[in-house]
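So the chains spell out like this:
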Amino acid sequence: MDAVNIFLAEKGIYMLTVILFFLGMFGMAVCGNYMKKLICMNIMQVAVIFFFLCLGEKDGGTIPVAMEGAAGADDYVNPLPHALMLTAIVVSLGTSGVGLALLMRIKEKFGSIEEEDIIEKEKGEEADEQHDYQ
Amino acid sequence: MSETMLSGLLLSAVLIPAAAGIIILAVGNHVHRNVREAVTLLAAFAMATCVFSLVPAVLVGREASLTVMEIADGLTLSFKADSAGMIFACIASSLWVITSFYSIGYMRGHGEKNQTGYFAAFAGCLCGAMGVCFAADLLTFFIFYEILTVSTYPLVVHYRDSKGKYSGRKYLIYTLVSGQLFFAGMVYVYATCGTLAFTPGGFVDFAGSDKMLTLGIFLLMVSAGAVKAGVMPLHSWLPAAMVAPTPVSALLHAVAVVKAGAFCVIRLVCYTFGPEVLRECMGAEVLLWLAGVTVILSSLIAIQKTNLKARLAFSTVGQLSYIVMGVCLLTPAGMTGAMYHMVAHAFLKITLFMCAGAIFVTAHKADITEMRGIGRRMPVTMAAFTAASLGIAGLPFLPGFLSKMTIMEGARQAGQPVFVLILVASALLSLAYLIPVSYIAFAGTKVREEYLAYGPGNRGEASKLMLIPLLAALALAFVMGFFPDFGAHFYTFAKAAASSVYGGGI
Amino acid sequence: MSNMIISNLPVLVVLLPLAGALFCPVISYFSRRAGRLTVIAFAGTSFVLSVVQLLRITDVGKISYHFGGWEPPFGIEFSLDSLSAVLLVLISGTGFVSTIYSLPFFRGKSRFRSFGYYSVLSLLICGLLGMTSTGDVFNLYVFLEITSLSGYALIAMGGDKGVLSSFRYLMIGTIGASFYLLGIAFIYGETGTLNMYDMSGLVGPVLSSGTTMVAMAFFVVGFGIKMALFPLHGWQPAAYTNAHPGAAPLIAGVMGKVPAYAMLRFFFYVFNANTQYVERFLVVVGIMSALGMIYGSLKAIRQTDFRSMLAYSSIAQIGYVGLGIAITGYYGLMGAVIHIIGHSMMKSCLFFCSGAIRYRYGETAMERFGQIYRKMPVTCAAIVIAALSMVGVPPLAGFFSKWYLALGAANMGEYIFIFVLVISSLLNAVYFFRLFENMFMNKNVADGSKGIGAYLAVKAEKKAERDSVPFKEMAATKEGYKGRLEIPPAMLFAVIVSALGIILAGLFNAQLVEILGPAIREVV
Chain A
0 MDAVNIFLAE KGIYMLTVIL FFLGMFGMAV CGNYMKKLIC MNIMQVAVIF
50 FFLCLGEKDG GTIPVAMEGA AGADDYVNPL PHALMLTAIV VSLGTSGVGL
100 ALLMRIKEKF GSIEEEDIIE KEKGEEADEQ HDYQ
Chain B
0 MSETMLSGLL LSAVLIPAAA GIIILAVGNH VHRNVREAVT LLAAFAMATC
50 VFSLVPAVLV GREASLTVME IADGLTLSFK ADSAGMIFAC IASSLWVITS
100 FYSIGYMRGH GEKNQTGYFA AFAGCLCGAM GVCFAADLLT FFIFYEILTV
150 STYPLVVHYR DSKGKYSGRK YLIYTLVSGQ LFFAGMVYVY ATCGTLAFTP
200 GGFVDFAGSD KMLTLGIFLL MVSAGAVKAG VMPLHSWLPA AMVAPTPVSA
250 LLHAVAVVKA GAFCVIRLVC YTFGPEVLRE CMGAEVLLWL AGVTVILSSL
300 IAIQKTNLKA RLAFSTVGQL SYIVMGVCLL TPAGMTGAMY HMVAHAFLKI
350 TLFMCAGAIF VTAHKADITE MRGIGRRMPV TMAAFTAASL GIAGLPFLPG
400 FLSKMTIMEG ARQAGQPVFV LILVASALLS LAYLIPVSYI AFAGTKVREE
450 YLAYGPGNRG EASKLMLIPL LAALALAFVM GFFPDFGAHF YTFAKAAASS
500 VYGGGI
Chain C
0 MSNMIISNLP VLVVLLPLAG ALFCPVISYF SRRAGRLTVI AFAGTSFVLS
50 VVQLLRITDV GKISYHFGGW EPPFGIEFSL DSLSAVLLVL ISGTGFVSTI
100 YSLPFFRGKS RFRSFGYYSV LSLLICGLLG MTSTGDVFNL YVFLEITSLS
150 GYALIAMGGD KGVLSSFRYL MIGTIGASFY LLGIAFIYGE TGTLNMYDMS
200 GLVGPVLSSG TTMVAMAFFV VGFGIKMALF PLHGWQPAAY TNAHPGAAPL
250 IAGVMGKVPA YAMLRFFFYV FNANTQYVER FLVVVGIMSA LGMIYGSLKA
300 IRQTDFRSML AYSSIAQIGY VGLGIAITGY YGLMGAVIHI IGHSMMKSCL
350 FFCSGAIRYR YGETAMERFG QIYRKMPVTC AAIVIAALSM VGVPPLAGFF
400 SKWYLALGAA NMGEYIFIFV LVISSLLNAV YFFRLFENMF MNKNVADGSK
450 GIGAYLAVKA EKKAERDSVP FKEMAATKEG YKGRLEIPPA MLFAVIVSAL
500 GIILAGLFNA QLVEILGPAI REVV
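From first to last, the protein sequence lines stand for chains A, B and C.
If you read the first sequence in numbering that gives the first Met the number 0, its first letter stands for residue 0, the second for the next number, and so on.
If you read the second sequence in numbering that gives the first Met the number 0, its first letter stands for residue 0, the second for the next number, and so on.
If you read the third sequence in numbering that gives the first Met the number 0, its first letter stands for residue 0, the second for the next number, and so on.
Okay, chain A solo, but in the shape it has when bound (with noise of 0.2 Å):
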């Protein structure tokens, strides 16, 4: 029992990132709804977000502010993948806002943001091909 609390305790959180991180990816894979799709991915970005995050914890470590009491490096988190994360947080809003512009533009197109349907609207489609590009 000991040997599994301890790996709990040590590895843990970063089986639970992971776990998440594939289970966004296996969600990408089988959905057939492109939202669903859209928001697994959402998922498997989050969870990366957390690997970081859980990366600069540190046992006994407080916020990284400068405050009385905490004397040394010791005693903060590691700020830097806060810092990073930050940055991929945007960078995650980025792309989905892309991705939710897409889908809307897939709706107005093929009338569906199914996969089956889109396929099968394509298949239709190929016989007149279009010319017009924005």
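Misleading hints may appear alongside valid ones.
As the list claims (entries may be wrong) - So, partial list: chain A residues that the calculated Cβ filter (under 7 Å) puts toward chain C:
| # | residue |
| --- | --- |
| 1 | Met40 |
| 2 | Met43 |
| 3 | Val45 |
| 4 | Phe51 |
| 5 | Lys57 |
| 6 | Ala72 |
| 7 | Leu83 |
| 8 | Gly98 |
| 9 | Leu101 |
| 10 | Ile105 |
Claimed, not checked - So the derived label-pair ranges between C-beta atoms look like this:
| # | chain 1 | residue 1 | chain 2 | residue 2 | range |
| --- | --- | --- | --- | --- | --- |
| 11 | C | Asp304 | B | Gly486 | 55 to 61 Å |
| 12 | A | Leu92 | C | Arg110 | 23 to 29 Å |
| 13 | B | Cys192 | C | Tyr276 | 33 to 39 Å |
Derived by calculation from the structure, the hints in this document are not laboratory data.
Values in this document were obtained by computation on a predicted structure and should not be read as measured data.
Note that the Cβ used here is the ideal one computed from N, Cα and C, for glycine as well.
On the provided structure of chain A, position chains B and C as indicated by the hints.
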């Protein structure tokens, strides 16, 4: 003549046809066709002048050389005019002049389409051929060899119909695949030897490596030459390429392409691997027997062909194998004979092809069976055809005789009497497939009705633009039969090349 | 002033296109034309500065630029050697030409479309330049995402199908980027640094640890997806095919190569490639590349659309780069880099031509290209040059990258790779010469030549003849093109410049090698 001037001549010999090709391609469709043809002729004469100006210098042993630029890390694009290269260069440049006149006559007489592309590609071919002649190392050689391959393609598919497409594909499959094999072998040679510069007697030294490996590399590389030279079983693109216009066939068969293949074999055997290495790894032996078999088989196939151009094509396959055979005997006389046979065959075969083309354009006949009595209509053409046929067969006082005798001497030196027999047999066979054409043409009985109208005073000869080049080529061949060193000192060059490779005289 | 420019060159090269992207919407509000010209001007300046920078680097050696005066490894660093400087010239040059090339597509288009496209294109250039310049692994991620996001937008501008392929690419591309980010997390956990140079010093002792191995595996997958390395290429054909014709040259030509360059950086400049651990991954990359070279070429043969043929051919060509990385050694890496340069030019050139043909005739199906050379001789000449270079005909650029790759393979004793190279270039020849047949040969007549091959060929041609209608002038653009030249001058410029680039890169490859030499010799 100063060194700089020699290098200048060397460079301009390669650049003139390239420039001509580009000019023709760029403006050919916008100017009068006479102007376009003037560019071709001008370039042909200029190139011939350049090449022939190099003859005296090379003859006395000065090797004009030129390094243009560093073309790849540690390797240069460099040219050198040695005896072997000079032979090929002189053939190609002098025959380009003749073929240019003939082409103009043929293309106009036949009302061909795409003439601009035709003349441009023709010039491109010559650029490739000149580069191949003067290349001083394998990489330069390969660069121009591939230029030659690619610029011949538009000529093969000239008619742009499905037949042309099919032949074009066949041509590309053979030449590109073998080119890539050459490339692979060349890379190995460079990685092992650290140099690619041609050296008389060879520079390859795979010290301590397996004989089989050396053999394998040699066969990889020589496949490029063997394909273009039409050594069986790699010959089948050559008859297929006969769909092209006749001047192209003449160029393919006599001037540039197949000769470049034979020349490639010479460069590989004598200047890259060297006789010793090849004797040791049996590489030359393999090629020798292939060539021997080709000589006989192609003659046998030629006898069956009723299409005149097809018959000539198979004759080319056989004749080219003489050259390969001579080189692979690995004796000085064999090499001299091979080099000289390049000359002999070039002049004679181009005459034959020009005759075939003249018949096709003037009388619209391509099949031998329809030519019964055509000698009444085109006596001059057919007489030239007969004379050239005899030359191909190796009649004395024509250049074919000297080259074949020298190759036989080479076979004797090599202790391979069986090849003497092969040569004699093939000479007889070539009589068997060429002389019937003349016989049919001049037949007295069962003359086809259409030719009966013709007789003395009522001739339907080919146009002068075709007839004169044709006779010029034949006349040159005749003169060379009597004086082997006429003009470009071909025989001396051949001997010089052989002695540089084998050391000492023959 | 000039001193300030010189000392800030690395950052100026990257920031100028970004500034262009920001100014463009504002200026477009007053004049659409001026907005487009702004982007061109900024991209052009960036190109000029990148050339200046290259000259400077060949003079003084490496340049390191510290942002905000923070010394690395604490601050972000732009670290430039001759390798990255050459690629910067290539990227900014292609970007500059692309911005000019796109002009005719937006004549008379709405303000929103015009500045939208031009801003995003400028951002793409900025992202690519940043990826090449940076010396910081996380910064690389940011630029990678800038590149990807603008890439998604540009692909989506290519019409209905473009939107769909862009969305699919977004899914897969994000997975790739996430893998890369995870890789950074692992390697950061092991070494505690994000600076590439610093990391290369610290990674030695932990190179054998499982964590580093996982990080490397993630990098291979991440970059593999971004560069469309077989079998991670699924998104690529549709994306390249359906991208906006103005941006396709940049996307197909350069966007796939920069991640390949980043992979090279990671393997050889961050991790030391000579240890056995890295070699394992190189073997995997080599196998993927070799399979991709064969697979891509075979698929390309089956395509009927010019653009998708080029897209599949890109899968094969990126394999050449991967092969060079896998071969290692001086000539292997040199081959990879020369191929990145050469192939960028060839693919851009072909996509420039494809876009030009589409602009004028609205045609992308190759079987309908018959006799097109009569109408567009210059474009066709450029296609011929680029295609021959792809096949590897000397003395064009494609031949020499193949030469270096093969030489590297021979030096390393990896003869199987030479074999793969030969096969792949022969397969290239199949589809490019078929394209020539389509372009230059007109109607086909059945004939009586012998053999099953002839029979099949004639049969296939008969079918093609049935399918194809004679080539007619069709007005693809709304107003139709009526110019004196075969295509608008801006397009003609791009076509000619890229074709000339191929020839020059081939003839002067020795000089390129000389410039690249010091940077590559450093790691072998």
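Tested hints:
For Met40/A, the suggested interface contact is upheld, since its CB lies about 5 Å from the closest CB of chain C, less than 7 Å. Look at Met43/A: its Cβ gets to within about 6 Å of chain C, closer than 7 Å, so that hint holds up. Contact between Val45/A and chain C, as hinted, is not supported at the beta carbon level, the nearest pair being about 10 Å apart and thus beyond 7 Å. Here the hint on Phe51/A is kept, as its CB sits about 5 Å from the closest CB of chain C, short of 7 Å.
Look at Lys57/A: its Cβ only gets to about 13 Å from chain C, farther than 7 Å, so that hint breaks. Checking Ala72/A against chain C: minimum C-beta separation of about 12 Å lies over 7 Å; hint violated. Interface hint at Leu83/A: satisfied, since its Cβ lies 5 Å from the closest Cβ of chain C, which is below the 7 Å cut-off. For the restraint placing Gly98/A at the interface with chain C, the shortest Cβ-Cβ distance is roughly 5 Å, inside the 7 Å limit, so the hint holds.
Interface hint status for Leu101/A: upheld, as the beta-carbon distance to the closest one in chain C is roughly 4 Å, under 7 Å. The beta carbon of Ile105/A is positioned within 7 Å of a beta carbon in chain C (closest approach about 6 Å), and the interface hint is therefore held. Distance hint for Asp304/C and Gly486/B: a CB-CB separation of about 56 Å, consistent with the stated range 55 to 61 Å. Separation of Leu92/A from Arg110/C is about 27 Å and conforms to the stated range, judged on CB atoms against 23 to 29 Å.
Taken as a hint, the range 33 to 39 Å holds for the pair Cys192/B and Tyr276/C, whose Cβ atoms sit roughly 35 Å apart.
Taken one by one, the earlier hints fail for this structure at numbers 3, 5 and 6, listed in ascending order.
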